[in-house]
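If you read the sequences in order, they're chains A and D. Note that numbering that gives the first Met the number 0 has the first sequence beginning at 0, numbered continuously upward. Note that numbering that gives the first Met the number 0 has the second sequence beginning at 0, numbered continuously upward.
Because the hints were derived from the structure by calculation, they are not lab data. Note that the Cβ used here is the ideal one computed from N, Cα and C, for glycine as well. It is possible that some hints are incorrect.
Said to hold, decoys possible - Covered stretches of chain A, going by a simulated chain D footprint (3 or more residues, C-beta under 8 Å):
id, stretch
1, 364-375
2, 407-413
Claimed, not checked - Selected chain A positions facing chain D (in silico; Cβ < 7 Å):
id, residue
3, E329
4, E331
5, S332
6, L335
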Amino acid sequence: MKNEHTIADTPHLLEPQTYTHDTMASQKSIYMDHSATTATDSAVVEAMLPWFSINYGNPSSLYRLARESKAAIEDARGKVAKAIGAKPEEIYFTSGGTESDNWALKGAAFALQKKGNHIITSAIEHHAILHTCQYLEKHGFQVTYLPVDEFGQVRIEDLKAAITDKTILVSVMFANNEIGTIQPIPEIGAFCRERGILFHTDAVQVIGNLPVDVAAMNIDLLSLSAHKFYGPKGVGALYIRKGVRIDNYLHGGGQEHRKRAGTENVPGIVGLGVAIEKAVADLDVKTSRIRALRDALLDRILHEIPNTRLNGHRTMRLPGNLNVSFEFIEGESLLLLLDHAGIAASTGSACSSGSLEPSHVLLAIGLPAEVAHGSLRLTLGVENTEEDVSYACDEIKKAVERLRAMSPLYADYLKKRSCNV
Amino acid sequence: MYSEKVMDHFMNPRNQGEILDADGVGEVGNPTCGDIMRIFIKVNDNIITDVKFQTFGCGAAIASSSMATELIKGKTLEEAWEISNKAVAEALEGLPPIKMHCSVLAEEGIHKAINDYRVKHGLEPWEEKGGHSHSHDDLACEE
Numbered sequence: 000m001k002n003e004h005t006i007a008d009t010p011h012l013l014e015p016q017t018y019t020h021d022t023m024a025s026q027k028s029i030y031m032d033h034s035a036t037t038a039t040d041s042a043v044v045e046a047m048l049p050w051f052s053i054n055y056g057n058p059s060s061l062y063r064l065a066r067e068s069k070a071a072i073e074d075a076r077g078k079v080a081k082a083i084g085a086k087p088e089e090i091y092f093t094s095g096g097t098e099s100d101n102w103a104l105k106g107a108a109f110a111l112q113k114k115g116n117h118i119i120t121s122a123i124e125h126h127a128i129l130h131t132c133q134y135l136e137k138h139g140f141q142v143t144y145l146p147v148d149e150f151g152q153v154r155i156e157d158l159k160a161a162i163t164d165k166t167i168l169v170s171v172m173f174a175n176n177e178i179g180t181i182q183p184i185p186e187i188g189a190f191c192r193e194r195g196i197l198f199h200t201d202a203v204q205v206i207g208n209l210p211v212d213v214a215a216m217n218i219d220l221l222s223l224s225a226h227k228f229y230g231p232k233g234v235g236a237l238y239i240r241k242g243v244r245i246d247n248y249l250h251g252g253g254q255e256h257r258k259r260a261g262t263e264n265v266p267g268i269v270g271l272g273v274a275i276e277k278a279v280a281d282l283d284v285k286t287s288r289i290r291a292l293r294d295a296l297l298d299r300i301l302h303e304i305p306n307t308r309l310n311g312h313r314t315m316r317l318p319g320n321l322n323v324s325f326e327f328i329e330g331e332s333l334l335l336l337l338d339h340a341g342i343a344a345s346t347g348s349a350c351s352s353g354s355l356e357p358s359h360v361l362l363a364i365g366l367p368a369e370v371a372h373g374s375l376r377l378t379l380g381v382e383n384t385e386e387d388v389s390y391a392c393d394e395i396k397k398a399v400e401r402l403r404a405m406s407p408l409y410a411d412y413l414k415k416r417s418c419n420v
Numbered sequence: 000m001y002s003e004k005v006m007d008h009f010m011n012p013r014n015q016g017e018i019l020d021a022d023g024v025g026e027v028g029n030p031t032c033g034d035i036m037r038i039f040i041k042v043n044d045n046i047i048t049d050v051k052f053q054t055f056g057c058g059a060a061i062a063s064s065s066m067a068t069e070l071i072k073g074k075t076l077e078e079a080w081e082i083s084n085k086a087v088a089e090a091l092e093g094l095p096p097i098k099m100h101c102s103v104l105a106e107e108g109i110h111k112a113i114n115d116y117r118v119k120h121g122l123e124p125w126e127e128k129g130g131h132s133h134s135h136d137d138l139a140c141e142e
């Protein structure tokens, strides 16, 4: 009552205050697309800021300002190395996951082409790998795309069977970006090491979600990207195991031990260093919380919405990843309704990608195209709460019911069901 | 990505539902391609007195169905037949290029419903004009 009195005394404040309040109440905003990107952590942004306009020296120059930049880069290199069990001199900064993948594959393929021309990868890789492989196929390389099982896992027997005496490189992603399935990386690493074949893994989705130890896992090349773990966009790294020689990808100046030319993205690299240090700290605690939220959301969706299936593996799965298909509806229209409710999510439906083909990952695990069209991916992250999960589930349920009510496929299903009863 | 008009028809679809005793029904599309449209018409004295749709598809497909049914309601069969996919897209204040096929589906759905009515009444089905034979009967999903 006291408040009301105060407001009445200052009528000019009444309207804007009410308006602001109402706008905030109606504009719910829940981000559940952390596999697409994450918000840059405020501590990361703060650490980056001085490197734009205060300590802006070119690390290749000789004066103090430049030495500070150089030292900052080396500090970040140490942090990245520590996070994945590598040595600092094995870390090369890049512009992100796509560059790291391109460099690893093209660099290894061209460096080893005298030894052989056969590359093995999986059918469910990110396009940064698949399209690079297609490019290499145009340049005389042969690529085997390993199938995956219904959960999205590569079978080690298939890998063994695909090896020829021309095989120079194996590239299998650590965990899938769409369905979250984790691959048997230590087994693949051990096998490749034993056979003397280079092993690259795209670990873009993995940092901050699963422990990574490149030495223990026998990984030769590993791609990572800062913006997937609360770091900035436009910066990443390629781990190249000491002794592994791959061709350069960007030619020019002598940066990054003469392996990756171009003036370093100092603020980005500093941000990557801080982000990765934070991402791997208390990994178990953070991921257990996110996994519990994910499981709660998944259980509710599967229990409360009939004709729904989980895509991917129940346990061998990234902690924040949830991918389900709702029969009889199409994913883009579902995303539009969720967006209207303030929920940011993703789908493997063709209609959202601009390609008209549903996700190659969902097709590779054996989903019929119409079920792939009805897929929804939610990827949870640090800022999600139990309230978010509860709100998201309610809204998903409403949206699915609404779209099913207008779907001819659902109408047919209901008729068929009532005939069978 | 979508115009306000598309979002309006997607969020508040007109004529959504089924006519159980429809005089003509047209179904086009293919679940593999991610869109199916079913149009129901009620015809009285050569005039479309009622129309409903059921659609499985993206936002543009739902909005196109909604707009197409609005455009043909109360029209003669001849007038309804002449409503082109372009008219549907224009009424929606445009569709993204990759979504133009949704308006084509709507036009074809109307044509199929009209011809279903004609055949049921012992009339010759009208011939589709050339230009686009965008039926989704073949499995290659087109742009």
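Hint check results:
For a cut-off of 8 Å, the count of residues in the stretch 364-375 of chain A with a CB near a CB of chain D stands at 4, and the three-residue condition holds. Check result for the stretch 407-413 of chain A against chain D: holds, 4 residues qualifying (beta carbon to beta carbon below 8 Å, three or more required). Proximity of A/E329 to chain D holds as hinted, the smallest CB-CB distance being about 5 Å (cut-off 7 Å). Against a cut-off of 7 Å between C-beta atoms, the interface hint on A/E331 holds, since the closest Cβ of chain D lies about 4 Å away.
Evaluation of the A/S332 hint against chain D yields a held restraint, the C-beta minimum of about 5 Å falling below 7 Å. For A/L335, the interface hint holds, since its Cβ comes within 7 Å of a Cβ in chain D; the closest pair sits about 5 Å apart.
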